[in-house]
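A.B. asks: Heads up: the sequence lines are chains Z and D, in that order.
Here my numbering = 1-based position in the first sequence + 944.
Here my numbering = 1-based position in the second sequence + 322.
Think of the hints as simulated: they come from the structure by calculation, not from any bench.
Heads up, a few of these hints could be off.
[Said to hold, decoys possible] Heads up, incomplete: computed chain Z residues facing chain D, CB under 10 Å, no partners named:
(1) Arg955
(2) Gly966
(3) Ile986
(4) Val990
(5) Thr1009
(6) His1013
(7) Ser1014
(8) Pro1019
(9) Phe1024
[What the hints assert, rightly or not] Ranges of calculated distance between the beta carbons of each label pair, as one might list FRET restraints:
(10) D:Gly419 / Z:Arg948: 55 to 63 Å
(11) D:Ala507 / Z:Gly993: 40 to 48 Å
(12) D:Arg543 / Z:Gly993: 45 to 53 Å
(13) Z:Ser960 / D:Asp352: 51 to 59 Å
[As the list claims (entries may be wrong)] Computed far set for chain Z versus chain D, every beta-carbon distance over 12 Å:
(14) Cys994
(15) Ala1029
(16) Glu1034
(17) Glu1036
Being a predicted model, the structure only gives us computed values, none of them experimental.
Note that the Cβ used here is the ideal one computed from N, Cα and C, for glycine as well.
If you want the building blocks of each chain, they are given just below.
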Amino acid sequence: MSARPPIPLPRPTELSRPHWDGCRQGELRFQRCRDCGAAVFIPQPVCGGCFGSELVWETSSGRGTVYSHSVVHRPPVPGFEVPYAVIVVELEEGWFMLSNLVDCEPSNARIGLAVEVCFREASDEITLPCFRPSEA
Amino acid sequence: MSDHPFHRVALVGAYHTRQAKVLEGVRELDLVIESIRGALGAAGLRPDEVDGVSVRSSTWGLNPREAAAWFGGRPIWTGVSLGIEGVMEAALAIASGQCETVVIADAQAGRYTDRAATSPWTRPTQEFVACFGLYTAVEFALIAQRHMHLYGTRPEALAEVAATIRNHGAQNPEAVFFGRHVTPADVLASRPVAEPFRLLDCAINSEGGAALVLTTAERARDLDVTPIHLLGSAIERQGMAYVAAPVWDKHGASGRRAAERAFAQCGLGPRDVDVCEFYDPFSFELIRQFEAFGFCKEGEGGDFVMGGRIEIGGECPLVTGGGLLSFSHPGTAQLLQKVTSSVLQLQGAMPEGLTVPGAEVAMTSNGGAGALFCDVMLLGRNPA
């Protein structure tokens, strides 16, 4: 028996810490521009739409659909158990994030699949936001 | 003669060192030096005629200012950029009178040692991608998958691209995969890597170096070479590569604006291009670039690449030396290699079966939609 080698985990920055703190608390957080209303992710110091600086953190519904996907058979490092599904999720609030599809066969990944966020504790400091097929 | 600054510049020497999966006992630094000697030799120029240097080696941490000392301290200009961007930067330095003759070189050896992992340059470390098992193949796969969904692009089209480029490399004695012919069926039967990509859809990993010499079009006339003229070039950047989700709606046309600007600089269009030395990290990327660069409409790239069009005798000969899928992918030197391969093709220096008869204009590119950048360059046997 040997433990699985580690996967590369995030090291939160000053900019990204609210997102990762949210994950530990079971909330999927993104930034909203107060000036133009755009949803912003990944975290930015200014809005990419209007260059506004008033970006406030909001909690997503965690619901979205699969925008694109790839079932991976060759991992970048041995720590990932293959096959696994990498997905681009389009969240209800109109922003995109990269994640993994979990709680189902990777081959279930298809564009348009309704998904909801679920959180996976990866270490004492880091909880990863993953997605599973929506129940409803 | 046109008054665009690029049109005052000619590419007069291009060279590739030996390429191999692993060059046993060869130091990266030696590859850099060999490639410089080779490119200067091809141009018929002496090291003491170099007054601009853009030479690097990532493993050795060699930067252009250090390498400037190799030329007797004569160089007065040094560059900082890679690949097509680096060639543009050198061309503008020459055109603006900062220097006359620039040597550009890059090489990779000895960096890929942990074979349980994918190569270091495929593995981003960014906090919103690395933890989900993303690497370059997946990033480009996510763009490909969306295109296949939207337009019905078939795996057979991806396989056609991969097989065609790999078969060009199979005929190139300098290619790492020389002699390794494959059929589209072989591509479709190879093991899956990151769907829809299979092993033979993906670039290889290898070691080697490349170098290029540029000078003024005026100086080029005095040299005993076939000068290749810089007709147009532009870069297109949409953010850092490999830090966020690639989204087709935002990034799928990456390179369109760069291509439009490059074509406008010389009054040419896609129909004038005789050789397509496009960036080929993964098979689908070529389909995307034919669309983005205006060779066909968005969504039609899958049909466009079928029926022999991208073979040497076809209308759009594609990656004629085997590219990153078969010739070599030596770290960041692969970016420069796209330009050197274009120069060698236009100079008629490719092996006979891989020479495009009468080719006058080549288009080349770096990067693609998975990387959120796409730079292009147009080169010609004749001045603009």
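A.B. asks: Under the constraints set out in the numbered hints, which ones does this structure not fulfil?
C.D. replies: Numbers 2, 4, 5, 13, 15, 16, in rising order.
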